[in-house]
Amino acid sequence: MTDTATNLEPVQPQRQRKPDWIRVKAPTSKGYGETRQLMRDLKLNTVCEEAACPNIGECWTKKHATVMILGDVCTRACAFCNVKTGMPRKVDASEPGHVAEAAARMGLEHIVITSVDRDDLPDGGASQFVKVIKALREQTPQTTIEILTPDFRNKMESAVAAIVEAGPDVYNHNLETVPRLYPTIRPGARYYASLRLLEQVKRLNPMIFTKSGIMLGLGEERLEVHQVMDDMRSAQIDFLTMGQYLQPTPKHTKVMEFVTPKAFDAYGAIARAKGFLQVASSPLTRSSYHAGEDFAQMRAAREAQLAKVRAGGAAARTGA
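Residue numbering for the sequence shown follows UniProt numbering, beginning at 1 and increasing consecutively.
One or more hints might be untrue.
[To be verified] Restricting the straight-line Cα-Cα distance to at most 20 Å, the calculated cross-link-like pairs of lysine to any residue (SDA-like) are:
#1 Lys155 / Arg180
#2 Lys274 / Glu199
#3 Lys155 / Glu165
#4 Lys155 / Pro122
Keep in mind the hints are simulated off the structure, nothing from the lab.
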């Protein structure tokens, strides 16, 4: 009898069909091409490309790009991420200057700097973040700086202290998902360690805005998302981002649900009620999507909050 199984072709994993609200047009604008060429000229990596961000066309057309320092090879292998995994190359000493030059040539009012995980480095790459921040302050002092760092596993306290001392305007570190899903989605990280990192930023400098985000559609339950919001508020996180997880390749974790825009709006309303200064919640929301506009709104919200506190204090002193 013939073993028909041996005659079968291997079944290739299929991409999931995206709903209409998640589809975006391929980038073709002049601005997109100019931004892409600038990144090539300065030998800079961007998370926009490496993570296959769906908003790359819109952002690069506006000359907005999220620079990814410390190379394009990550020492982790998260199930949701499209960045290459392996042994990274030597840190590029010219990178901080190139980042500052890119910000100056693009005329950026706000820049987002992220990185791959570099567990191979003694400080996890923290010193490179510091050098980039200093280079930006020297060359484009008017540019506000937002950083999105890894968790600096086993060297968190010293790494965070060095970066906070350098003085970014926003410190972002993403929790990514609910605690229950960490073993499969983010196996190299620990949920409560990430929360402690953000708490430490606030302890060291309460005036630095803190930011974190999660992906939806990975199989999380609604009440689990609410609990993450509460945990973030306990850690005094100012800004929450929520976006739809998209499977970058068939080899990555499958999308369990395409969350509707209406559901994202509901999550956003709950988050605002819990006291975040700023909330971005939509299927296409990503950590650095509209980051400049969101930063301006967050800063205005804090100023209004502080003005209200001062007015209340003055009224109490006068007995009004």
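Each hint tested on the structure:
no. : hint            : verdict
1   : Lys155 / Arg180 : 24 Å, violated
2   : Lys274 / Glu199 : 17 Å, holds
3   : Lys155 / Glu165 : 16 Å, holds
4   : Lys155 / Pro122 : 8 Å, holds
In this structure, the one hint that does not hold is number 1.
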